[in-house]
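Asks: The chain contents come next:
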Amino acid sequence: MSIIMAFIIGGSICVIGQLFMDLTKPGITSGHILVGYITAGAFLSAVGLYQPLIDLGGAGATIPLSGFGHTLAQGAIQGVESEGILGAFSGGVAATAGGITAAIVFGYFAAVLFNPKK
Amino acid sequence: MGPKSEELLKNAQQEEYHHLVNRVKPKPPILQNCIWAFIVGGLICVIGQIIMNYLLNIGLNKVDAGSLTSIIMIFLGALLTGLGLYDDLGQKAGAGSIVPITGFANAIVASAIEFKREGYIFGVGARIFSIAGPTLVFGFVASVLIGLIRLIMIS
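Which chain is which? The protein sequence lines are H and R, in order. All residue numbers for the first sequence refer to the working numbering, where the first residue is 1 and numbers rise by one. All residue numbers for the second sequence refer to the working numbering, where the first residue is 1 and numbers rise by one.
Heads up, a few of these hints could be off.
Covered stretches of chain H, going by a simulated chain R footprint (3 or more residues, C-beta under 8 Å) [as the list claims (entries may be wrong)]: (1) 19-33; (2) 105-114.
No farther apart than 30 Å at their CA atoms in a straight line, the calculated lysine-lysine pairs in the DSS-like style are these [claimed, not checked]: (3) R:K10 <-> H:K117; (4) H:K25 <-> R:K62; (5) R:K116 <-> H:K117; (6) R:K92 <-> R:K116.
Since the hints were made in silico from the structure, they are not lab data. The C-beta atom is built at its ideal place from N, Cα and C for all residues, glycine as well.
In isolation and in its complexed conformation, chain H is listed as follows:
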């Protein structure tokens, strides 16, 4: 059941991005989509709208980059509640540290070890 819900919610979140790319003027790149999703995910999470999506879709809501924004936002909120102002700066990055470090390390080695396709 969790797998079907992940498919539906994850697929739907991606369709929203596709509609942005097809319906807005050309010039929306993959970079814009990534920046938009992480920011939108963080603010939706802050106002309490993203957690219900995760309860419903599991990985379907956490795997899209908006889920990464959610983790950043919740990390900052929990950081503030336990450590005050220091938590506002450290909480978000602490919660996402594993993913960010993985992206940089795996990304670096993949770029070094493989060659661009001709």
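Starting from the known structure of chain H, arrange chain R on it as the hints suggest.
Replies: Below, chain R without anything else, positioned relative to chain H:
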């Protein structure tokens, strides 16, 4: 025929031409793109869900399982990009391959891999951030702002 009517004729011809171009020009196949994005994006999330279910089964707590799932998905995204397979997928899947976290890994590798000739430090090391940089900047700014707003609310 005076110059005025000649101009009118020219305008009419241009209008007709634009009309024809608009009719013949292929529209972006929006429905087809959305179906592809839905299926591929959904399937990537299903892979994530299978990994997460496995990690929860072997006893990890929810937070650790989510974190490790992201790390594994990033690894897969970087590997498939290096092998040249992820970009083939992206041709059809559009946002379905960009929006999941594997797309973030793809953006990192794809922008860095072309700059090996500029060296491993300031070529690859710097270009890794050409798309990851803006994404992290906006993510961090949003995170700190949200934290500060929360701080004001609770004090």
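Asks: Check whether the Cα positions of K116 (chain R) and K117 (chain H) lie no farther apart than 30 Å.
Replies: Holds: K116 (chain R) and K117 (chain H) sit about 13 Å apart, inside 30 Å.
Asks: Holds or violated: the region 19-33 of chain H covered by chain R, criterion of 3 or more residues with Cβ-Cβ distance under 8 Å?
Replies: holds (count 8)
Asks: Counting residues of the region 105-114 of chain H that have a beta-carbon nearer than 8 Å to any beta-carbon of chain R, does the count reach 3?
Replies: Holds, because 9 residues of the region 105-114 of chain H bring their Cβ atoms closer than 8 Å to Cβ atoms of chain R.
Asks: Between K10 (chain R) and K117 (chain H), is the straight-line Cα distance small enough, at 30 Å or below?
Replies: Outside the cut-off at roughly 49 Å; violated.
Asks: Hinted pair, alpha-carbon criterion (30 Å max): K25 (chain H), K62 (chain R). Please report holds or violated.
Replies: violated (40 Å)
Asks: K92 (chain R) and K116 (chain R) were given as a pair; does the straight-line alpha-carbon distance stay at or below 30 Å?
Replies: Cα-Cα ~27 Å, so holds.
Of the numbered hints given earlier, the model fails hints 3 and 4; all others are met.
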